[in-house]
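**Q** The primary structure of each chain is shown beneath.
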Amino acid sequence: MSTILEGLYYAESHEYVKVEGEFGYVGITDYAQHELGNVVYVDMPEVDDEVTAGENFGAVESVKAASDLISPVSGTVVEVNEALNDNPELVNSDPYANWIIKVQLSDPAEVENLMDAAAYKAAIGE
Amino acid sequence: MIRNYDKLIFELSKEGRVGYSLPKNELKEKYCPCQLPAALKRESKPELPEVTEFDVVRHYTNLSNKNFGVDTGFYPLGSCTMKYNPRLNEEISALPSFARLHPATPVEAAQGALEVYYNLAASLAEISGLAAFTLNPYAGAHGELTGLMIMRSYHLQRGDSKRTKVIVPDSAHGTNPASAAVCGLEIVEVKSTPNGTVDVEDLKPLLDDTIAGIMMTNPNTLGIFETEIPEIARLVHECGGLLYYDGANLNAVLGKCRPGDMGFDIMHINLHKTFSTPHGGGGPGDGPVGVRAGLEKLLPNPQVKKDAAGKFYIDTDEASAGYVSNFLGNFGVLLRAYTYILTLGRENVKMVGPLAVLNANYVKESLKDDYYLPIEGICKHEFVFDGLADKSTGVTTLDIAKRLLDYGYHAPTIYFPLLFHQSIMIEPTETESKETLDEFIAVMKKVAKEAIGNPDIVKSAPHSTPVRRLDETTAARFPKTTYRQLKG
Amino acid sequence: MKYFPHTQQDIEQMLAVAGVKSLDGLFGEIPQQLLFDREFALPEAMSEAEIRKFFEALGKRNGDLVCFAGAGVEDHYSPSVIAPILSRGEFLTAYTPYQPEISQGTLQYIFEYQSMICELTGMDVTNASMYDGTTATAEAMMMCVSIAKKRNRVLVSATMDPKVRRVVETYAKYQGVTVDLIAEKDGVTDLTDLESKLAADDVAGVILAQPNFYGIVEDYTGVADMCHARKAQLVMNVKPSTLAVLKTPAEWGADIACGDAQSLGIPMTYGGPYVGFLACVNAHVRKLPGRIVGATTDVDGKRAFVLTLQAREQHIRREKANSNICSNQSLMALYVTIYMSVMGHKGLKEACCLSYSGAHYLAEQLVATGKCSMVHDKPFFNEFAVRTTVPAAKVQEALLAAGILGGVRIADDTLLLCVTEQRTKEEIDTLVSIVNNIQ
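Chains as they are written, first to last, in the numbering used here: chain A, 1 to 126; chain B, 1 to 488; chain C, 1 to 439.
Here chain A stands alone, though its shape is the one from the complex (with noise of 0.2 Å):
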């Protein structure tokens, strides 16, 4: 059973967004650390890069598989989070916390597009 946080937003390719004031963290949910497995690596963007809804914005990679990223909202990348360089096994720890990049929304009503977690939790079928 994955964990769902409530309050968040969900996508379809398994990113979430939590949504602070103008700010959107972005990264990948339980039930799709769980599916990659140990990850590896994590190709994250640079600051200051756009990122637009629906677009790839890096990968996470586990020993014999890699999964697109895909952001669920649009706006400019402010921070990528650097820890992950070091150690991107703390998406398998909690992929909540360790949120891949912080992204200054430029249309925060995109977030309306996306699941809650409820909707998430049915589409994963748990």
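Note that these hints are calculated values from the structure, not bench results.
Cβ atoms here follow ideal geometry from the backbone N, Cα and C, with glycine treated the same way.
Check the hints yourself; a few may be wrong.
To be verified - In silico lysine-lysine, DSS-like type, Cα no more than 27 Å apart, as pairs:
| hint | chain 1 | residue 1 | chain 2 | residue 2 |
| --- | --- | --- | --- | --- |
| 1 | B | Lys391 | B | Lys445 |
| 2 | C | Lys231 | B | Lys191 |
| 3 | B | Lys14 | B | Lys480 |
| 4 | B | Lys24 | C | Lys425 |
| 5 | B | Lys24 | C | Lys346 |
| 6 | A | Lys18 | A | Lys102 |
| 7 | C | Lys173 | B | Lys165 |
| 8 | C | Lys371 | B | Lys30 |
| 9 | B | Lys45 | C | Lys349 |
| 10 | C | Lys346 | C | Lys371 |
| 11 | C | Lys287 | B | Lys30 |
| 12 | B | Lys162 | C | Lys173 |
| 13 | C | Lys231 | C | Lys173 |
Stated by the list, open to error - Label pairs and their computed distance ranges (CB to CB):
| hint | chain 1 | residue 1 | chain 2 | residue 2 | range |
| --- | --- | --- | --- | --- | --- |
| 14 | B | Glu376 | A | Asp86 | 49 to 57 Å |
| 15 | A | Ala122 | C | Val299 | 14 to 22 Å |
| 16 | C | Ala41 | B | Glu108 | 54 to 62 Å |
Take the given structure of chain A and dock chains B and C to it, following the hints.
**A** Positioned in the frame of chain A, the structure of chains B and C alone reads:
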């Protein structure tokens, strides 16, 4: 004892030891690289081993004992065609009259080599039913890339720049989409039918004026012959596209039917699969590319041709798709493949496909009660099981593969094709005897029984190999890829 | 047929298990019109003795020449221990080391290869090898474009071997990457032209050669800073045999080093097989194509080696992989690994010294004949260009008649000549006397 050998060559090093002998330098006093300006010379010292010749021989001989090869035992490795690699091929390839030949040798002093190239290309054209071959690409994936460059050039030279998509079946080998992407083409996937062949109904709506072509292998990666290929060829040609044949599975039909006759326009052959050149632990191979009549000019430069007087020469063509290699490919590998074709001769080339297919069907039928066979019926050179027939054991395909190592077999290809979750892909090749196959079948049955009676021994396999299961996660998280990094 | 083990009885028994009546029955589903029903237009099977005679006769139609040609392929000393080790079936007939438990031999020598290539080039990481130097350089170009993300223009020096350049240009063409040439001035890269071409801030990478096509050792002081100031990667195509002496790509400040390792003793064999190498700084390791071997431990804590960082590769990433490369040039990587082990730094330096001495002696003697003059006045290593007073083709003809491969003709009046540790003073003197006697 030997299996426990675990030194790196660097760990044998002792200052002052040498393993080479070079002539005296009579001219050293007058001309020496020490005269070069300091700005051009290296400051750091490379930490290369200092060892004797004997150290080197013993070290690499010991390392070789920790390796498995076709010479060691049976390789049921699907899609890899691990057949016997004759020693005569090696002997011919090492002949000094070829080994000492510089690529810039004037053609009049390289007629023997050019004849080998020309005649091997002609033999491959005959065997595959196409008009002409280049032998310049270095490997299968390199051949694919070359073939797709030819496909794109064909369209661009007709002034048709809209065709930027290539159709690839969802069962295709990973190199197909990767090669297409490197060639600047977009991938469109076509679905498979439940029996693993291209779904013609799914294909039809994809065919429009943006399609450069389709990449297929026949038989496909499930070992199933695409019987609708004439219809597929008609449809693709009708929409203006070309058909590319991935020669990875050519061994299955060698002597029975030819890609050119199936309607393919371009293909590559893996000489290290179908034509018995050794895999060498991952290369060198060679990936000749053939084309149907009308596309010859597009083959990469340089091209080898024969004039009216029978003299061979090197040519370039402006219409060519370009240059993909240093010169004329892995020439040493070409010598091996040509030797193999001459050894087989026209009478035996015809038997390769039938015997390879016989071996595959024999193994498949013998094991289908113990392993789940998702697609019934006659296969070609290979077939796919989807894990054990008994799904209750918790033993995975990976476990079975590792357990086979304990019994002295290489593992089959696993988790490919991606159509099934627990794929075990087996290709025995025509050079394995019935006795070898019978022993393999007995071991596969034994492992299936162990999975039920003693699953732990399977799940923790291998037990008798030089090393056991490895920590791949740490290797990827904290890569140590050189001795310097390893020492820390 | 000695490669087919099937007796008639085997075939019958196996057909019965397969559930078909004949070998033809195994192909029953194939549409009739696709079946090949005539004899192949190929020779009949030949015996071993016949095949030996056949290839020996063909070999006699190749000249056995004393080689003064280079241009990317050189005649080097090949230590006797290498061929017997390469021919061991455990190495020769192994598949790619996807099953590490039974492939430690291959994996370990690739690890050793990687270590040695990094020692020679000074770079942090390298992959398990590439097909050859031309394709390795094309892959380096692709790395630059991938690192730069939104730039798709690369610069290649006009002093690069044209054989390398045209492969880079071919790969670039299909990927929509623009390749611009940096002008040549007096046989070396025109750094003023480089600086002005970088000014547009749209260059992903700059690809230079060392030594260059003319054998000249270029002075690249300041070039790395120039590239990095414009956020372009510096790629250096280098000849590994010279790196025992010459400044390394790392010391020049290169981000990526590539080239062909044929100069590490690999027989010329009319163009291949050789082995390409591709190395880079740590920051770009995820952009490095192909296989990489890493050290780890097994469940018992034993040191072991394994293919690592596989998530970059085509079999996982498919169309999103950095490259379509699948195999490496494994056995040839073993070749140069053994070569570097046998030679050590000392042997490599000695071979450099012999080559350098011979080449400089040859150059001086040729100029002394009055029939040749040096094209460039620049430091060179073991290869150089001379202008001939008679047509260069005529010089080569005279040499060929004497069993000498007289360099590579790069213009009607220009020859590129190369000397390695294989050439004796007598051979050099013979060449010079023939040139001297040309009327």
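**Q** Has the given pair, Lys24(B) with Lys425(C), been kept, meaning a C-alpha gap of at most 27 Å?
**A** OK: Lys24(B) and Lys425(C) at ~11 Å, within 27 Å.
**Q** Regarding the pair Lys371(C) and Lys30(B), is the alpha-carbon distance no greater than 27 Å?
**A** Roughly 23 Å between the alpha carbons, so the hint for Lys371(C) and Lys30(B) holds.
**Q** Starting from Lys346(C), check that the Cα of Lys371(C) is at most 27 Å away, please.
**A** It is violated: about 37 Å lies between the C-alpha atoms, which goes past 27 Å.
**Q** Is it true that the CA of Lys391(B) sits at most 27 Å from the CA of Lys445(B)?
**A** At roughly 15 Å apart (the allowed maximum being 27 Å), Lys445(B) and Lys391(B) satisfy the hint.
**Q** Between Lys287(C) and Lys30(B), does the CA-CA distance stay at or below 27 Å?
**A** violated, 46 Å
**Q** Assuming the hint says 54 to 62 Å, is it satisfied by the Cβ distance from Ala41(C) to Glu108(B) or not?
**A** For Glu108(B) against Ala41(C), whose Cβ atoms are near 28 Å apart, the range 54 to 62 Å is violated.
**Q** Does Lys162(B) pair with Lys173(C) here, judged by a C-alpha cut-off of 27 Å?
**A** Holds: Lys162(B) and Lys173(C) sit about 16 Å apart, inside 27 Å.
**Q** Would the pair Lys231(C) and Lys191(B) pass a check requiring their Cα atoms to be no farther apart than 27 Å?
**A** Outside the cut-off at roughly 43 Å; violated.
**Q** Would the pair Lys45(B) and Lys349(C) pass a check requiring their Cα atoms to be no farther apart than 27 Å?
**A** Within the cut-off at roughly 11 Å; holds.
**Q** Sort out whether Lys480(B) lies within 27 Å of Lys14(B), counting only the CA atoms.
**A** Answer holds: Lys14(B) to Lys480(B) is near 24 Å, not above 27 Å.
**Q** When you take the CB atoms of Ala122(A) and Val299(C), is the distance between them in 14 to 22 Å?
**A** Violated - the Cβ-Cβ distance for Ala122(A) and Val299(C), about 40 Å, lies outside 14 to 22 Å.
**Q** Can the restraint linking Lys231(C) and Lys173(C) be considered satisfied, given a maximum Cα separation of 27 Å?
**A** holds, 23 Å
Checked against the numbered hints given earlier, the structure breaks hints 2, 10, 11, 15 and 16 and satisfies all the rest.
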